[in-house]
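Model the full assembly from the supplied sequences, consistent with the hints where possible.
Read off the chains here:
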Amino acid sequence: MTVPALKAKDYKSGIKAVWCPGCGHFAVLSALTKAMAHLGLVKEEVAVVSGIGCSSRLPAYIDTYGFHGIHGRALAAASGLKAARPDLTVIAAGGDGDGFSIGGNHFLHACRRNMNMAYIVMDNEVYGMTKGQASPTTLPDWSNSKMTPHGTGIPSFNPAAIALAAGAGFIARGFSGEPSELTRLLVEAIEHPGFAFVQVLSGCVTYRPDQKLWKEEVHPSESDLPTDDPVKAAQIIQAGDGKATGVIYAKQFPVWQPENRTDSKLNTIEKEFLL
Amino acid sequence: MTVPALKAKDYKSGIKAVWCPGCGHFAVLSALTKAMAHLGLVKEEVAVVSGIGCSSRLPAYIDTYGFHGIHGRALAAASGLKAARPDLTVIAAGGDGDGFSIGGNHFLHACRRNMNMAYIVMDNEVYGMTKGQASPTTLPDWSNSKMTPHGTGIPSFNPAAIALAAGAGFIARGFSGEPSELTRLLVEAIEHPGFAFVQVLSGCVTYRPDQKLWKEEVHPSESDLPTDDPVKAAQIIQAGDGKATGVIYAKQFPVWQPENRTDSKLNTIEKEFLL
Amino acid sequence: MSDSSKQATSQSYSVAITGSGGSGAVTTGRILLEAAAQCGFQGLMTRSAGPQIRGGESAAMVRFSQDPVECMGDEYDLLVGLDWRNIERFADELPLSDKSLILSDPAAGEVPALLRSNGADILEVPFKKFASGLPGGRLNMVALGATALVCGLDLKALETSVKAILGNKGEGIVETALLAVRLGYNHDHRPRITLEAPGKSADHWSITGNQACGVGALRGGTRFVAAYPITPASEILEWLAPRLEKLGGSLLQAEDELASINMIIGASFGGVPSLTATSGPGLSLMVEGLGLALVSETPVTVVNVMRGGPSTGIPTKSEQSDLNIAIYGLHGDAPHLVLAPLSIRDCVFTTQWAVQLAEHLQTVALVLSDQSLGQSQAIIKAPPQRELSLARKVEATPDAEYQRYAITPDNVSAMSLPGTAGGMYTADGLEHNPRGTPSSMAVDHRTQLNKRLHKLEDFDFGEDWADVEGDGRQCIITWGSSTGAVKEVAGWLLAQGSSIKIISIRLLAPLQHDRLKDLLKDMEKVLVVEQNHAGQLFHYLHAEGVLPVSAESLAQPGPLPLRPGRILRALGGGG
Amino acid sequence: MSDSSKQATSQSYSVAITGSGGSGAVTTGRILLEAAAQCGFQGLMTRSAGPQIRGGESAAMVRFSQDPVECMGDEYDLLVGLDWRNIERFADELPLSDKSLILSDPAAGEVPALLRSNGADILEVPFKKFASGLPGGRLNMVALGATALVCGLDLKALETSVKAILGNKGEGIVETALLAVRLGYNHDHRPRITLEAPGKSADHWSITGNQACGVGALRGGTRFVAAYPITPASEILEWLAPRLEKLGGSLLQAEDELASINMIIGASFGGVPSLTATSGPGLSLMVEGLGLALVSETPVTVVNVMRGGPSTGIPTKSEQSDLNIAIYGLHGDAPHLVLAPLSIRDCVFTTQWAVQLAEHLQTVALVLSDQSLGQSQAIIKAPPQRELSLARKVEATPDAEYQRYAITPDNVSAMSLPGTAGGMYTADGLEHNPRGTPSSMAVDHRTQLNKRLHKLEDFDFGEDWADVEGDGRQCIITWGSSTGAVKEVAGWLLAQGSSIKIISIRLLAPLQHDRLKDLLKDMEKVLVVEQNHAGQLFHYLHAEGVLPVSAESLAQPGPLPLRPGRILRALGGGG
Ligand SMILES: Cc1ncc(C[n+]2csc(CCOP(=O)(O)OP(=O)(O)O)c2C)c(N)n1
Ligand SMILES: Cc1ncc(C[n+]2csc(CCOP(=O)(O)OP(=O)(O)O)c2C)c(N)n1
Ligand code: SF4
Ligand code: SF4
Ligand SMILES: [Mg+2]
Ligand SMILES: [Mg+2]
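Chains as they are written, first to last, in this note's numbering: chain A, 1 to 275; chain B, 276 to 550; chain C, 551 to 1125; chain D, 1126 to 1700.
Hints in this document: simulated from the structure, not taken from any laboratory. Quick caveat: nothing in here was measured; it's all calculated off a predicted structure. Heads up, a few of these hints could be off.
Stated by the list, open to error - The list that follows gives simulated cross-link-like pairs (lysine-lysine, DSS-like), each with its CA atoms no further than 25 Å apart: (1) D:Lys-1288 with D:Lys-1506; (2) A:Lys-251 with B:Lys-507; (3) C:Lys-679 with C:Lys-719; (4) A:Lys-146 with B:Lys-507; (5) C:Lys-1075 with D:Lys-1642; (6) B:Lys-540 with C:Lys-931; (7) A:Lys-212 with C:Lys-719; (8) A:Lys-131 with C:Lys-719; (9) A:Lys-232 with B:Lys-526; (10) A:Lys-232 with B:Lys-507.
Claimed, not checked - Here are some chain B residues the structure puts well away from chain A; computed CB gaps all over 10 Å: (11) Gly-289; (12) Pro-296; (13) Ser-455; (14) Asp-485; (15) Ser-496; (16) Gln-527; (17) Phe-528; (18) Pro-529.
No residue lacks a Cβ here, since even glycine has one placed at the ideal position from N, Cα and C.
Laid out in structure tokens, this is it:
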């Protein structure tokens, strides 16, 4: 049976996004649906799983299966789903607050566990949905939130460095202002066998209008990338300005997936209790 | 007023430890009290804060203030205490399960936050207290726990690598089988201004009898250490076998401590609500 | 406690202003409220927003009166439509009657039928036309002027308020706004109401419930806060952060709620009164930590600003549905304090009391505010300072016999703070003996369970446990933000010559059984009023054995506010 | 449901074996229990340990009978002291009377006074001397032989049991053990009791409650488990892990409980019946996730094996104090299922039922087991397989009108599983309309609140909601592991010719009001029995309005088991 190829718009649900006009997350939605079309994914065989935040509203806008969970737990829900349903293409998505603040532990362990899924973090260096507090990726001197009136004073969290140290096998950085590169990165991430992490610089027009400057600041990485050498990757990530896009690191590790060995009956198992 | 110098034993509380005979944690207790004596710490100005696990029982055995909290939250409680009471010497302690599994997120953020405290993880690559399940630092092929009968199959967590990526300024590895070196490391950690992380290989005789081999395997680091170059530190950590002891990385970053600016009265503050 | 029982016998005026994204309905409402305050009125402004993250359609509801205003009424006297786009989103929140007036701009099209259906009068004012005559003129400012006129507010007061609120936007903007306001104000010289303005009062505050909780926290002595942002609690934290540090305290933005609760436990162990604020999902993450605070007897206060639940629920709307988790949500036998402020103004006292009770009794205090209190702006009489003789019992000179968890007559044991020589001990969440050493013996468990229970049960909480007003053989029991509407009903009844007893419970746990039973002794009718689905207070009171079998429940979930008329009907018709 | 009501009228025999670290009391008890099982007895072994992580002093308590054994008795018939070190740790757990016998080794010194004080008989056997005659001989095996003799157990059965349990330690060890056992058995030919051995039964199981929960989970169709280890629940997971994978399922050890609950929600969203097991502290961390499962209507089951609380409490000892958090611990209005197994054997059925109810009703099911069920070893009749016609309603051919949260007559909506063409939707923890689109409208909130409530309230749970036995005008209501002791009391009363009604509630939420009220209609006395401090069931039943005002509460916290005699006294003397 040949199915007519789907276009990006066929992957959109038609539900109106709650996002502010100009929010970077729109571009991520577009790029992701384009990546899905490019890969010819069968809609019902995809599940997009998220936490809570502006960015985490993503699943509802995509016409695949979706799970809009609770704050910080996207990767946990996605991992359970993938463990139980290895046949699905599982994509986890969310924000920098969701993924790196409250969700930091699951991020660490999902990198290690290396299940076959993509994880897209729409990083706007702010908690958009709760009206503009500092997130782990916010620079220490950003003092526009009343909760941290002098800035956090804490060096910002380096997602790529953490992912690498935690054992992720695919690390990329994209930009909502470069949609076609972003689409390409997402295609590669979904194709990568194992846990693929994509940090997307996706500006918040409302609480971080200064991010308009990203248009000038973001640039393709100058290094010869991707590398599969973790030490080199560490060097590149440490030396970088955090604004270089591209696939930084790609290496195949054994993918973890629980093994189901269907070779017994419950009746037989229960016999062990007989004296 | 000159106070007679205290000996290590003066820092012990006299409460009988619940640990199994031969448990590595005894040596950590000894080394820590020796370090305290060496530093001449005033007992009541020290607080030892822990989570839950065999290792986390430590505070009760030390005659300073102690807080035996809940599983995984030692660093959170220690951070709050230090924020409110910067005058105290705060030492957080616990196990590999407590610190790297359930407590992983606080570990990440405590490294970044860089408050002035030492964090000692007694790493036995197992959950001792719950009778021997795999922890994040357990090697993937260790199959002695019924919960993971074929081993976890997941590459083990590299605490030093994570600490470095997360921004810790002091990273050391010690061994309960080398108590005098361990004492030295703990002294340096407590003296380091900022967050100082010490991973102590501290064997579990009961659930990891194989760790008797550590006596042979653990060795002083061969590199010229400590370094203050994060890239070099990353290289050393990545290349290492995880069994090399010593201070790996030491670098001073600004220490985070909330600023108290006592320059107002509540009455004055309340005036803002007047029309 | 309060002089609000008069409110409903007095006159009040309610205005709703609605508009689509960017139309400025909320700013308009805020200026109107403060203009009324300039005239000496007390008042309340609540708001409602669409699902957009920011700048979607919204409605501002303003009510003012010579007396305290603690709820919205049953109907609006005046509805101001800046435009009619998406009005169906709000229609059920904006009841009108044939006594209502609608101010509308002919350029916005006809007033939608669902607003006209109750026979409200319509007054047309060309907001847009007037505004377009001014360079940069905004139609909401024209509408504001017209509204203020209808409300009978003084133009000078209105101008003061415009300047105060728009002041930081620059002089040009203020000037244009003033021109627009005057155009609206002067187009038609027929004020519709003539509430007598009391004249500006020097001791009135303009404050939200979230800010009021912040004030209460500071008054109670809170000097450390760790927290994670969440709607609708964040403003407590945002208000506190810059102010705490001026008082020698600090606020730490934590990585999550597991961290924040454990951080304040750590800080409080260090001797500093500590607090956090959150909402349902965050509270859920804190319950393990609350148990630790409770068993280690480390005082902490958590302000939980309730929103629609369960799960993520309706984050921006109000509901009183976290009573269950607040009272029963810890594992094990875990008695602690649960309080609820009865109004925005009362957020100050209740939060102060909670913090000091937690300190005094070395336990956990939960304060149940909600979105409708927290995010509404009120004009209130400044709450007087109250000195409470409640403080942590500290052991300054511990001797060798010092026992952290010693059994004492009041079951509160003196705490030795880090830094105190000779008082070293390890606080523990494991069950322990009086010294603090972990124990799994039945006798230690029972002793400490009894201690933790009786320090609460035997404490004399005095008269503040509830606001009790009125008398008669009928009684309404309520709590938290539902109190305002209940008091309004009491006022109506009083005005009609019939009377009713109102018990608004401020201290929900430990429940003051004897006092409640005493009050309920001769009642013919008892109605329990609250804003949730299950009747959580109703069931809790039954669990505690204080309600007569015949008691009735009026439980209405959010997001719509509980209106006085609904309560009156429940009283009359048996729920 | 069970044939256990006979138990107490029949004879049973109770033995306690104690010893210091390394003495092997638990192994001795286990062999004794299985030897009794070889003779056809049913039985139970509980254990108690000191604070050491491992190898500290411990006690094994064994009771066997021709009939089901579901609790320990009031006293021990026989106490075997391998030595007397640290015996004071256990003394209050080991009540003796003047009918008791103490087996002791003169080499261990005099029997401590606190054991002798009740007038128990003492029989001396030189365990140590006999053992030292054998190279590698262990005194506990000598004691085992002597004990078996006193218990009237057959030597062959004992030998079979020694071989079965020590078999994996190597042939030499078994041989020596058998020699030692025979020395003990033969030293004195006077069995003290002569319970008639029923003869080995082909359908008896030796199983712990934790294993039984595992069996129930598998019978219910659970095929995915994610979990984090915790005492006393880990054995459920350790039993399931290797077995799930043989049935096409899997177990994932998660990084924490936040992960485990969200993982099983994800898996269940994928269509696979999913479960986790934990204890109080872990359950606390899961309540936010439970709310998500509930609102997104994703079925999950959590087995909570209760231990002493609150906070870390007493991890290794039993208590029934998590009823509050189980029923009320979610924020918002959050009705869901709460069940409790009534015995070790019932762990199988109750867990199966919970899993299938969760699936059928697309909600959260909590199963409240406890340490005394979970970690005790029982000899029981094999629980028969029960086919329950309860399964998830799945939409296999969704059309364009498909609504995930459609309102249906039974308020359960068919779920479209990932992989199903045309059924794509997004599950949400935000309040939503029937399609699943987030909504903050009052009408949607009320509709979905009603749906989630009524799918539970209106469901016919049939007869399994409780075990109801006996009649008369007196009644005991109980739940969970307290059932065993309550049933024993009923048996005593019946034997004395008086009768009592026993209601052991298996389905705690939704509470079956009408059925309960009906049962309680003509009662003169109602006593609610449970193992906690606050009387959590007692208050809950009052909250739900089913108890008469005169009902009494017998609530005794852990860690000591609730003994039948204590219940009898409460019945007689008014609690
Ligand atoms: C347990 C819990 N804590 C806090 C919140 C409040 N909250 C909702 S979204 C959010 C942060 C969102 O930031 P991010 O993930 O960066 O997404 P963005 O809105 O910036 O896209 C927070 C703190 C919550 N919903 N649940
Ligand atoms: C919330 C919670 N989950 C699980 C547990 C059970 N638990 C107690 S200690 C422990 C692990 C201890 O391992 P580790 O930290 O490595 O310490 P060790 O005993 O090995 O020294 C676990 C899982 C708990 N107490 N609380
Ligand atoms: S608040 Fe920021 S992140 Fe959220 S939708 Fe608006 S622009 Fe996007
Ligand atoms: S179980 Fe292991 S970690 Fe725990 S006390 Fe014993 S040897 Fe130490
Ligand atoms: Mg963000
Ligand atoms: Mg460990």
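Tell me the hint numbers this structure goes against, listed in increasing order. 4, 17, 18
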